[in-house]
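Chemist: Chain by chain, the residues:
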Amino acid sequence: MRKNIIASTLILAFASNVFANQNVDISKIQERFDKLKEKHALECSPEEYGMVESYLESLKTENNQSVDSLRLTVKIEDLLTKIEKNINSDKDKDGIPCYKEIELGLNPNIPDVIEKVKVAQNKEPEKLDTGVKEKEAPKTYKSTDAIIQPVRIHFYSNSSKIKKEYLPYLNVVAKYLKTHPDVKVKIKGYTDNIGSKKYNDKLALKRAEAVKQYLIKLGVSPNRIMIDGVGKSEYIVSNNNELDRFTNRRAEFYIINLAE
Amino acid sequence: MARKFLVTVLCFIGIANAADVLKNSNIEYLDAARSALKTAYESGATLKAPYEYGKAKGFYKIAVEESSNFNVDKSNEAAKKSIEWSLKAIEKASQGEVK
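As they're listed, the protein sequences go chains G and H. Residues in the first sequence are numbered consecutively from 1, following full-length UniProt numbering. Residues in the second sequence are numbered consecutively from 1, following full-length UniProt numbering.
Honestly, the hints are just simulated from the structure, not real lab data. Please note that a few of the clues may not be correct.
For the chain H half of the interface with chain G, some residues (derived, Cβ under 8 Å), not all of them [to be verified]:
hint, residue
1, Ala32
2, Thr46
3, Leu47
4, Lys48
5, Tyr51
6, Glu52
7, Tyr53
8, Gly58
9, Ile62
10, Asn69
11, Phe70
12, Ala78
13, Lys80
Quick list of the computed label-pair ranges, beta carbon to beta carbon [claimed, not checked]:
hint, chain 1, residue 1, chain 2, residue 2, range
14, H, Ser68, G, Lys37, 29 to 37 Å
15, H, Phe5, G, Thr61, 58 to 66 Å
16, G, Lys161, H, Gln95, 17 to 25 Å
17, H, Val72, G, Asn171, 56 to 64 Å
18, H, Ser94, G, Asn171, 34 to 42 Å
19, H, Glu42, G, Pro222, 48 to 56 Å
In silico lysine-lysine, DSBU-like type, Cα no more than 35 Å apart, as pairs [to be verified]:
hint, chain 1, residue 1, chain 2, residue 2
20, G, Lys82, H, Lys74
21, G, Lys202, G, Lys163
22, H, Lys61, G, Lys35
23, G, Lys212, G, Lys197
Note that the Cβ used here is the ideal one computed from N, Cα and C, for glycine as well.
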């Protein structure tokens with residue numbers, strides 16, 4: 001009997017010692033989370049993203065070697081795996097994974113025809129249907145066409161700051177305008193459905209103005225740029241979720257060929 | 001002897017009551033966090049404000065876990081954060097993002 005008690009005590013002591021020595025490496029988890037952030041985890045898996053953030057916040061205040069920390073780590077790992085899965089998932093079954101759709105400025109919840117995307121990427125001079133999400137460079141248009149297809153850039157909520165990834169598009173627009181002096185451009189700013197009409201009208205105009213200022217900075221004459229703020233109307237898609245609202249928060253270019 | 005016994009009993013009752021109060025306040029926090037999370041869910045926060053809802057849910061889970069480990073303070077703190085994020089989610093879901 002005594003032997004049994006001693007043996008079980010020793011086993012327990014050994015087990016708890018081993019358990020206590022397991023150090024929770026937050027930096028590794030943080031690194032993995034950062035990598036997923038770069039792959040648009042917030043857009044593709046917002047709920048899990050929020051949960052991981054709250055767990056991480058709690059983990060940082062916990063004692064690094066406590067059992068609770070280990071339990072939290074396991075939960076975070078599970079959530080990160082889920083996020084990874086969502087990033088690579090294809091919700092709308094159009095063959096493009098979620099993160100890729102975000103990078104292309106598409107909506108991962110609405111199917112996009114792959115051919116159209118390919119055309120947009122190759123920038124072939126092809127008239128595209130006024131579909132929901134394609135981004136085209138203005139040089140794809142024939143000089144005889146008054147531009148039918150708008151070039152689109154999107155904005156963060158309540159912001160008129162131009163996102164870095166759209167700067168190359170604007171550079172192409174500026175280059176086009178500089179090489180085509182007979183062309184004028186009209187920039188229309190739009191918003192999502194959130195907030196008052198008055199505020200959104202202002203914000204829409206501010207977005208158009210921001211794009212105008214950027215083009216002027218690149219050497220386009222201000223006389224050739226007209227701006228308009230549309231605000232809470234002319235949505236491309238419904239405003240049901242964050243991605244749809246992101247799609248609607250945009251500035252579009254309408255190029256007017258004066259030769260026509 | 002009788003006096004000693006009486007004092008011991010009174011002390012025991014006092015400690016038990018204090019523990020009850022502590023426990024109750026924690027339960028109240030958890031209850032408030034749960035109902036805030038429920039309201040957020042019902043107002044469509046899972047679709048309209050998933051990030052905020054996720055944060056609220058995460059903190060609620062932490063609060064429950066800490067409570068089960070008798071870490072009342074940590075649990076209360078997490079519950080408060082959960083309520084805060086639930087309110088943010090409800091606000092965003094009902095009138096959209098705050099501008």
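Chemist: Hint by hint, say whether it matches the structure.
Modeler: Here is what the structure says about each hint:
1. Ala32: violated, 17 Å
2. Thr46: Since chain G brings a Cβ to about 7 Å from H:Thr46, closer than 8 Å, the hint holds.
3. Leu47: Since the shortest Cβ distance to chain G is 5 Å, the answer is holds.
4. Lys48: Nearest chain G Cβ about 7 Å off; hint holds.
5. Tyr51: holds, 4 Å
6. Glu52: holds, 7 Å
7. Tyr53: holds, 6 Å
8. Gly58: holds, 3 Å
9. Ile62: holds, 5 Å
10. Asn69: This hint holds: H:Asn69 lies near chain G, its Cβ roughly 7 Å from the closest one there, short of 8 Å.
11. Phe70: Violated. Min distance 12 Å.
12. Ala78: holds, 7 Å
13. Lys80: violated, 12 Å
14. H:Ser68 x G:Lys37: 29 to 37 Å: holds, 31 Å
15. H:Phe5 x G:Thr61: 58 to 66 Å: violated, 44 Å
16. G:Lys161 x H:Gln95: 17 to 25 Å: holds, 23 Å
17. H:Val72 x G:Asn171: 56 to 64 Å: Holds, since H:Val72 and G:Asn171 (Cβ atoms, about 58 Å apart) stay within the stated range.
18. H:Ser94 x G:Asn171: 34 to 42 Å: holds, 41 Å
19. H:Glu42 x G:Pro222: 48 to 56 Å: holds, 51 Å
20. G:Lys82 x H:Lys74: holds, 27 Å
21. G:Lys202 x G:Lys163: Holds, at roughly 19 Å.
22. H:Lys61 x G:Lys35: Measuring from Cα to Cα gives roughly 25 Å; hence the hint holds.
23. G:Lys212 x G:Lys197: holds, 22 Å
Figure legend: structure checked against the earlier numbered hints; hints not met, in rising order: 1, 11, 13, 15.
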